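Q: Sequence:
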Amino acid sequence: MSSSFLSSPLLFSLIPLLILPSFYLPVESAFPSSSSSESSILDNAVIGDPLVDCLEERVKLTFQTQKPFTGRIFVKGMVDNEKCVENYRQNSQTK
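The sequence shown runs -29 to -1, 1 to 66 under mature numbering (1 follows the signal peptide of the UniProt record, and there is no 0).
Hint data in this document are derived by calculation from the structure and do not stem from the laboratory. Incorrect hints may appear among the rest.
Computed Cβ-Cβ distance ranges for the label pairs, DEER-style [stated by the list, open to error]:
#1 Leu22 with Val56: 30 to 38 angstroms
#2 Asp24 with Lys54: 13 to 21 angstroms
#3 Val56 with Cys25: 17 to 25 angstroms
#4 Asp51 with Gly19: 28 to 36 angstroms
#5 Val56 with Leu26: 16 to 24 angstroms
#6 Asn52 with Leu26: 28 to 36 angstroms
#7 Asn52 with Val23: 16 to 24 angstroms
Computed from a prediction, not measured in an experiment: that's the story for all the values here. Beta carbons are placed, not taken as given, at the ideal position from N, Cα and C, and that holds for glycine.
Using the sequences and the hints given, assemble the complete structure.
A: Below, the structure written as structure tokens:
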């Protein structure tokens, strides 16, 4: 089974962050594990725990998924601010 890896760290200046596939997920299912029943619905899952580094002026988020991640990552409550949103609609980064 191939896995994908987001090799470019995502940088934001505010927290908390939500990782959302192409549709809305409740917070508790934003990071489905590979054994989660939701992973069959999403057809992808986060491998291990996401790494969150709090830096002086930003937050760095690193995570690994079973397949290339497609969706949006944004700061909760700031989805309308383009500086706080990253879109990965056609992500082909693999490892």
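Q: Now, for every hint given, state plainly whether the structure supports it.
A: Going down the list of hints, with the structure as the test:
1. Leu22 with Val56: 30 to 38 angstroms: violated, 20 angstroms
2. Asp24 with Lys54: 13 to 21 angstroms: holds, 19 angstroms
3. Val56 with Cys25: 17 to 25 angstroms: At 19 angstroms between Cβs, range holds.
4. Asp51 with Gly19: 28 to 36 angstroms: holds, 31 angstroms
5. Val56 with Leu26: 16 to 24 angstroms: Once the Cβ atoms are compared, 19 angstroms apart, the range 16 to 24 angstroms for Leu26 and Val56 holds.
6. Asn52 with Leu26: 28 to 36 angstroms: At roughly 19 angstroms between Cβ atoms, Leu26 and Asn52 fall outside 28 to 36 angstroms, so the hint is violated.
7. Asn52 with Val23: 16 to 24 angstroms: Given range 16 to 24 angstroms: holds, Cβ gap about 20 angstroms.
Hint compliance for this structure: hints 1 and 6 are broken, all remaining hints hold.
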